[in-house]
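Chain by chain, the residues run as shown.
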Amino acid sequence: MEVLLAIIIGILYAAGIYMMLRRSLVKLIIGIILLGNGANLLIFLLGRITEGAPPIIPGESKVFLEAYADPVPQALILTAIVISFGLQSFAIILVKRAHKVVKTDDLDEMNATDEDS
Amino acid sequence: MTQQLILYPLLLQLLLAILLMFFWKRIGAQRIISMLGSIVHLGVSIGVFAYIWNNGTQTIQAGGWEAPFGITFIADTFAITMVLLTSIAGLAVSIFSSGSVISDRLRFGYFPIFHFLLLGLTGAFLTGDIFNLYVWFEIIIISSFVLITIGGEKAQLEGAVKYFTLNFLASIIFLTAIAVLYGLTGSLNMADLANKVAAVENRALVEITAILFLIGFGIKSAVFPLYFWLPASYHTPPSAVSAIFGGLLTKVGVYALIRVFTLIFVGDVFLDQILLVLAIFTLFSGAVGALVQNNIRKVFSYLIICHIGYMIIGLGMFTEVAIAGAIFYLVHDILVKTNLFMISGLIYRIKGSNSMRALGGFYANYPKLSLLMFIPLFSLVGIPPLSGFWPKISLITASFDTGSYWSLAAIIFASFITLVVIAKLWAEVFWKDAQEIPVRPKFRYYHKIKNIKRIQIIVPIVFLSLVTLYVGFGAEHIQTLATRISSELMDNQQYIDAVLNTQISE
Numbered sequence: 001m002e003v004l005l006a007i008i009i010g011i012l013y014a015a016g017i018y019m020m021l022r023r024s025l026v027k028l029i030i031g032i033i034l035l036g037n038g039a040n041l042l043i044f045l046l047g048r049i050t051e052g053a054p055p056i057i058p059g060e061s062k063v064f065l066e067a068y069a070d071p072v073p074q075a076l077i078l079t080a081i082v083i084s085f086g087l088q089s090f091a092i093i094l095v096k097r098a099h100k101v102v103k104t105d106d107l108d109e110m111n112a113t114d115e116d117s
Numbered sequence: 118m119t120q121q122l123i124l125y126p127l128l129l130q131l132l133l134a135i136l137l138m139f140f141w142k143r144i145g146a147q148r149i150i151s152m153l154g155s156i157v158h159l160g161v162s163i164g165v166f167a168y169i170w171n172n173g174t175q176t177i178q179a180g181g182w183e184a185p186f187g188i189t190f191i192a193d194t195f196a197i198t199m200v201l202l203t204s205i206a207g208l209a210v211s212i213f214s215s216g217s218v219i220s221d222r223l224r225f226g227y228f229p230i231f232h233f234l235l236l237g238l239t240g241a242f243l244t245g246d247i248f249n250l251y252v253w254f255e256i257i258i259i260s261s262f263v264l265i266t267i268g269g270e271k272a273q274l275e276g277a278v279k280y281f282t283l284n285f286l287a288s289i290i291f292l293t294a295i296a297v298l299y300g301l302t303g304s305l306n307m308a309d310l311a312n313k314v315a316a317v318e319n320r321a322l323v324e325i326t327a328i329l330f331l332i333g334f335g336i337k338s339a340v341f342p343l344y345f346w347l348p349a350s351y352h353t354p355p356s357a358v359s360a361i362f363g364g365l366l367t368k369v370g371v372y373a374l375i376r377v378f379t380l381i382f383v384g385d386v387f388l389d390q391i392l393l394v395l396a397i398f399t400l401f402s403g404a405v406g407a408l409v410q411n412n413i414r415k416v417f418s419y420l421i422i423c424h425i426g427y428m429i430i431g432l433g434m435f436t437e438v439a440i441a442g443a444i445f446y447l448v449h450d451i452l453v454k455t456n457l458f459m460i461s462g463l464i465y466r467i468k469g470s471n472s473m474r475a476l477g478g479f480y481a482n483y484p485k486l487s488l489l490m491f492i493p494l495f496s497l498v499g500i501p502p503l504s505g506f507w508p509k510i511s512l513i514t515a516s517f518d519t520g521s522y523w524s525l526a527a528i529i530f531a532s533f534i535t536l537v538v539i540a541k542l543w544a545e546v547f548w549k550d551a552q553e554i555p556v557r558p559k560f561r562y563y564h565k566i567k568n569i570k571r572i573q574i575i576v577p578i579v580f581l582s583l584v585t586l587y588v589g590f591g592a593e594h595i596q597t598l599a600t601r602i603s604s605e606l607m608d609n610q611q612y613i614d615a616v617l618n619t620q621i622s623e
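If you're matching them up, the sequences are chains A and B in order.
Reminder that position 25 of the first sequence reads as 25 in this note's numbering, one-by-one numbering, no gaps.
Each number in this note's numbering corresponds to the 1-based position in the second sequence with 117 added.
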């Protein structure tokens, strides 16, 4: 399971960065989304995967009796998902506006900011 | 009760931001609330600063969960100094925004977002938890995305696309670094991490994590190979927005770098070498970049990059004197860079252009304003009694002590080129004869706007210039402060003890 997840994370990071390096604005957004998901899965994997042991203390005891799944990474992922969701929706609107105003979706043609003015 | 003191600057900004949202359509009310709120915030920050100065580092555990399990907020002298500088710059830019940003832009929630940005900055300085730091960084960048795009001009949107992409990438790399660090140590509290990272046996993995942090924060603080988003975007939004960005956003990256590399990843020669090399290249490329630009705001953008190098070089040399120099430079740089972008805004208001070739004749036409602008411009260069000079003494002394003569050469080179750039700017904009600039019929020139607006534009520049003069002439005080901060940073055990050994008292 760990190996499979590690490979998936690697693919997500690689594909995300590849897409960000492309010139199209839409591919840029796809890259951002892939990278965000890759990072979330990485937190999940590095928090150690423990199967079938929810972090709930049984009714009659005061402490955990055996190994349990670490709940912290899941809280982190939840936060990160919400944040990246917000950022991605902003990115989509931004790209839509930029496309409307600049009238191109080619990042190479977005060079007005580098011109001498 | 006194423990909660350190949260007051944070809560006040949050309160202001929320309060301002209730006045969404009433710009006049927003202006007044933002200005008064910023004045109160400055007062509170000074109060908290005085308290920390007298009583030492204070911590508070959110919800009473003991460290390392809960989220820690910690105010040591470094953090609270940054909060104080944030509120000084925040006050200046808040007043300046009222005067210089046109109301078409203010209508889209400019002031609430501006205070959310300040909230994020304050939070990032005060937090003692690495994931919490990530969250504050996200608050900062989301607010800054909105501020940079308000108005929706072509150049702004293009700049915003670049700014957004690189900053998002930085966040993802930062998050990746946090994930790896959590996998290594199982902790997120920075003090606890400092202990646990020191005990990790797999040093190679620690080094890779450190490099990930370096890249993440390096993009945010515009360090050498990672700065290209900055000159592409900082000159596009209104100058008030550039002022707060130029003054504080890159500095929060530097703050995070200094914090992480003096607390968690300490004593790694390899990393210090990398920091030094990056700093030298940053100094060099920023300076050369500034030399060839024509747009005043682009010149200032490159100078931001160049001067980030001074702080990183101080961190790279990693002696008490060097870090004191870096901290002093940080204090000076926040005040001066904020002021410079406001000045570029003032020049733009007067002439309707920011191109050095098109401008001219300022000294003949506006002698008093020129004298005012002289202060920050030449503080930046570091003409002796002014503020930019003093930190360089520490940095140069430190580079002699550590025998890193390349750093010495880079410091002197960058300082010389800064002098050339500012002298060129002074000759072009102030001394050259006034040029014919086509009059823009709809543009609201300085001589056309109301008196109150002019006061709102001039007062913050005067205010920050006075603070800069104080930093220059009262250098002894700032040096005491910087030395104290650097001794606290060099002895990270103090920080660790302050977080981990506090008793939760009720």
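Don't take each hint at face value.
As the list claims (entries may be wrong) - Quick list of in silico lysine to any residue cross-link-like pairs, SDA-like style, CA-CA up to 25 Å:
id	chain 1	residue 1	chain 2	residue 2
1	B	K485	B	L586
2	A	K100	B	K271
3	B	K559	B	A544
4	B	K509	B	Y522
5	B	K271	A	L21
6	B	K565	B	K509
7	B	K279	A	I17
8	A	K96	B	K271
9	B	K279	A	A14
10	B	K567	B	K549
11	B	K279	A	L34
12	B	K313	B	Q611
It should be emphasised that the hints constitute simulated quantities derived from the structure, not laboratory data.
Hint by hint, here is what the structure shows:
1. B:K485 - B:L586: Answer holds: K485 (chain B) to L586 (chain B) is near 17 Å, not above 25 Å.
2. A:K100 - B:K271: OK: K100 (chain A) and K271 (chain B) at ~10 Å, within 25 Å.
3. B:K559 - B:A544: Outside the cut-off at roughly 29 Å; violated.
4. B:K509 - B:Y522: Given that 25 Å is the threshold and the Cα spacing comes to 14 Å, the pair holds.
5. B:K271 - A:L21: holds (22 Å)
6. B:K565 - B:K509: violated (42 Å)
7. B:K279 - A:I17: holds (15 Å)
8. A:K96 - B:K271: holds (13 Å)
9. B:K279 - A:A14: The hint holds at about 20 Å.
10. B:K567 - B:K549: violated (29 Å)
11. B:K279 - A:L34: holds (18 Å)
12. B:K313 - B:Q611: holds (16 Å)
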